[in-house]
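Trainee: Following the hints, put chains R and V in place on chain P, whose structure we already have.
These are the residues of each chain, in order.
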Amino acid sequence: MATTVTEPGLRRVERLERIWVEPRGLLGWLTTTDHKRIGLLYFFTTLAFFGAGGIEALLMRTQLSQPEEKVLSPETYNQLMTMHGVTMIFLFVIPMAIGAFGNYLVPLMIGARDMAFPRLNALSFWLFLASGLFMYASVFMHAAPNAGWFDYVPLALKPYSPGRNIDFYALGLIFNGISSTAAALNFIVTIFKLRAPGMSMNRMPLFCFAMLAVSLSLIFALPSLTIDLVFLELQRNLGFHFFDVPHGGDPLLWQHLFWLFGHPEVYIIILPAFGIATSIIPTFSKRKMIAFPLVALAELLVAFIGFGVWAHHMFATGLPTITLVFFAAASMMVVIPSTIQVFAWTVTVALGRPEFRAPLMFIGGFIVFFVLGGLSGIMFAAIPFDQATTDTYFVVAHFHFIIFGAAVFPILGGMFYWFPKVTGRLYHEGAAKFSFWLAFVGTALTFFPMHVVGLLGMTRRVYTYPSSLGWDAYNLSETIGAFILTAGLLLIFANLAYSRFRGAPAGPDPFFGGTLEWTTTSPPPPYNFPVIPTVKSAYPNWDVEDRRADAARLERGELVFDEGHETPASTVVDAVPDEIVEMPSESPWPLAVAVCTGLLFVMLLTRHYAVAGVFAGLALLAVAAWHAKEPLET
Amino acid sequence: MSALPHSGKATTPRAVARVERARLARPNGWWGMAIFVATEATLFGTILGTYFYLRFNNLHWPPPGVPEPKLTLPLVLTAILVSTSVPVQLSVSAAARGQLPRARAALLFAAVLQAGYLGMQLHLFVHDVHEFPPSGSAYSSIYFTMLGAHHLHVFVGILLTLWILIRTASGLTSYRMNGLRATAFYWHFVNVLALCVLGTQLSPLA
Amino acid sequence: MRGLRKEISPNRAVFEPGERERLRRSLGRAGRIAIGAAAAIVLPAAAWAGNGQNALHPASKQEHAISVLWWVMLVGCSIGFGVIATLLLLGWIRRNRDYLPFGGRDRAGTAIVIGLGVFVPIVVLSILFVWSDLYVLKTTDAPAANSTRMSVRVIGHDWWWEIRYPGSRAVTANEIHIPVRTRVDMLGTTADVIHSFWVPELNRKVDLIPGRVNRLLLDADRPGEYRGQCAEFCGQQHAHMGMTVFADSPDVFQRWLANQERPARKPATPQAREGERLFLSLPCSGCHMIRGTGADGTIGPDLTHLATRDTLAALTLPTKPADLAHWIEDPQRYKPGSKMPGSALTSSQRDALVAYLGYLK
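Residue numbers (the working numbering), protein chains in the order written: chain P, 899 to 1532; chain R, 969 to 1174; chain V, 1360 to 1720.
Among the hints, a few may not be true.
As the list claims (entries may be wrong) - List time: in silico SDA-like cross-link candidates among lysine to any residue, alpha-carbon distance up to 25 Å:
#	chain 1	residue 1	chain 2	residue 2
1	P	K1056	R	S1103
2	V	K1497	P	L1273
3	P	K1331	V	A1444
4	P	K1434	R	R991
5	P	K1056	V	R1383
6	V	K1698	P	K1331
7	R	K1038	R	Q1089
8	P	K1527	R	L1076
9	R	K977	P	V911
10	R	K1038	R	H1119
11	R	K977	P	G1455
Everything labelled a hint here was simulated from the structure, so no lab data went into it.
None of the values given here were measured: they were computed from a predicted structure.
Extracted from the complex, chain P is given alone in its bound form (with noise of 0.2 Å):
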């Protein structure tokens, strides 16, 4: 807001500023537990994970650009494939999401100063990255897991999977989900309490309904992904008896806990880019979001019943009939609140005056994939049609088309939507437009001809496939789309890289958001907020003079909490402000932490027990260290 600071105010700014400051360089960066900092740490490392994910598909795609190719072994190409799936959803689609995306907006957007907890968001981001090494580690020994993103048994125990791939597989995704974890853990409480006196449940931005609703989901999915793989390390490991008929166990044991997990997972991966469309599209429509209730209730809703609906990636394994039709219905049942938000947007649009700048246009391209995507998901709830195409290229194409489509485009688009608010410059236009409609043709290109090939018969996960079957020309578009779909995304990271020095200034505000970080400078003190906001309503940004009434109380010094390292914590539902808690500033404990259960990690994975077991004492006393210090005021 450009209104003259005076002396006192300027004074309050000042030891705002001494106060929130954190080291420069490379200690600052490494001890750090700026929510900020955290978020560009995931935003530049899981960028970096999509570019490996990105290799791994585009060398798919060419050993797949014609039939009988030779360019890659079977060997190679089956860790390609797995590595990729594991890598786009555990290592780039989702810590972008919520690590970078929301890490860096939610306490922005709920008027906070931090998140509830941050030496814990920082322990998220370093055990992430730990864990992403970890799993790549496999890829330059050639061991990378070998078995599909989803690891079924028999494949994967032993006797089928000697080497140490598998072990890569399930020890780093339960690492990796401690990270996630802990992330989940720290926005349900920030969410729950740090809002802004007045942001009462009904206020808060429906970016942060779905950054709730995926926190919740990682909650109550990932430890039936953990125990699945806990018990798969101790059958191959140590002998235990699981999955194998003989001795009691189950093979469908692993897919049900699996998919239990699994299926609560796609919504947390399309969640964040609900959030994220919920975000762009007032802005750009000009106009409040129709039925806003219902759109958070249906985010809420889309997580709670997805936990209902698992057995449907088990359609063809021969489960009693009434399993099949029970699951079905409930698959019907989620589509629901899909469809409550899909046209809550395009009404949004329709009935807006909107202004088709970059940010949009992925949005509309987001809405084009995901109802493509969300009709063939329609589909698979007809259990004759899921058994004959299941595990064919037209699940390939019906999941691509709402990962990619879907999750990613959204990301894409947010990204030049915050850009100028983080970088405080602003991107080019026109070339973001056209690597839009890159990503687009792109994208349609390479993912549209898998629905004719998988009907046409071609099943997935092949390394290659025969000549007579008619699967050619498909396949050779596929694999040029996808070559397209790389350029327009090359360009919108040359878009942003360039802009980001030489970009024109973009002022705090420059497409007059409704939500509170459009409130503060571009890029945003480290302090947030020199005024806590009050807010009464839900798009606090458009409420002129309650803006103009937090400028006021910086001269007053009410709610500036300058007298020490100081964010307001209030009731839950309300708002009410209930009292003022000490934030902690930067620590070397959590990349302690981080570094030691990697340790332990390794060890675990070479099957040296008792020094896992130095690392995990280590790591304790790590954390007990942490908590030595505390957040006091000085």
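Mentor: Chains R and V only, in chain P's frame:
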């Protein structure tokens, strides 16, 4: 807003008691532990779910050659563990009133009982592992995984209790008070869990 | 200063002058493009009858039901997509740079969201549910145990199919023969990892799971060759695990089955006899069975009537002598990772083996 309680400034038992009285909502640390408990409870839900899934997948449970679970000793031990919820909660209410020595005594008493429980259970565990090792059947695999996970949670609870006892030796702050509340919540969860695990462990006897 | 406006203006229409007409024209143009594109993409797939593995080219009542289900769903989905596309198009027509944020028309918008987003999907999905999951499912579901006159047992292996006929001594690999217009119960299981049995033109797929027998109905309408492939990732050579189902007239089938039951023919030429001798003395007989000789291995496919089969190694290669020779010399070249090792044979030894195998009709 300056009338808001400031937890960062409460460094004596009386100041902490004042903050506790004035507070409207539960502290962030309590919520953090609540969410952590939710995830661990789900973890145990899947373990117990697996137990019953495998049970209904098998005609004989336990399989031939594996003894039926013992009744008396696990029952008595679990009763002792569950009863420690009382001194733990008394410790919390004493600390919230500013009565630090009473709080620490109650906590120490609980810790001794909990450590005794764990020692006995580990002894039973090792004995059972030699009698029907997990590599023998799905029954023993899930049996030892379930009990092992539970004992691990008890062990972590004892570590948390020891940490609170060590830190409160030099006085009470709001941070330590929140830690004590969180630890108490954790113990109540572990005790409920102990009942569920016991029930599952003994279910073949039904 | 700028701020939220409650209404654009109380009396202002949703459309500015000319926008309604532009919307109608754009819809017309977009509609024609969409239908043209859809036809161009979809019709070739529907018409393609050539590959033997086309789920939309049904050769049985079951697959026909699935195929019809697909086409109807496609039409329904296209209509749904059309509605969304129209709304987006409307937004495009109304695009404008100069507005400030506003509210209003919330009731109308919410009514559309609830009507189209809740009620219409409930109705459509209920119809789809009843039709596909209660009615069509009855057609494609596995038959009740012992309710068909004929059954065939399929055991999945890495990376080939073992085929047996209950009530008969016949054992073969990678080819299933069934009499046309006969309900045949496929009883499937696996000897190692999970595989999935899928013959697209005859029925949907079913997984082959250790410790379970899953069943599927094979009931071909007309004679023909129907190609199938393993549809559950099962390791390195998952891509080379195909099979063919031959639907023959009943007497052709009976003759075939009777032949498969017989033990192996004796070789008639010296070269072929040398081949038999080699087969029995080399490691070949440790993995493969040739009934009626001393070769009794069960790790690899039964070769008793190899020469009646069109392809080798689960449809990887044809059974012509040249291909057979290449396969025996270096299987890893065609199917790297398969369990069959290469052999250091002289060319005359190799030719003798091929000659012998040619006798296994």
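Trainee: Compare the structure with each hint and give your call.
Mentor: Do the hints match the structure? See the list:
no.: 1; hint: P/K1056 to R/S1103; result: holds (14 Å)
no.: 2; hint: V/K1497 to P/L1273; result: holds (24 Å)
no.: 3; hint: P/K1331 to V/A1444; result: holds (20 Å)
no.: 4; hint: P/K1434 to R/R991; result: holds (23 Å)
no.: 5; hint: P/K1056 to V/R1383; result: violated (63 Å)
no.: 6; hint: V/K1698 to P/K1331; result: violated (53 Å)
no.: 7; hint: R/K1038 to R/Q1089; result: holds (12 Å)
no.: 8; hint: P/K1527 to R/L1076; result: holds (23 Å)
no.: 9; hint: R/K977 to P/V911; result: holds (22 Å)
no.: 10; hint: R/K1038 to R/H1119; result: holds (17 Å)
no.: 11; hint: R/K977 to P/G1455; result: holds (19 Å)
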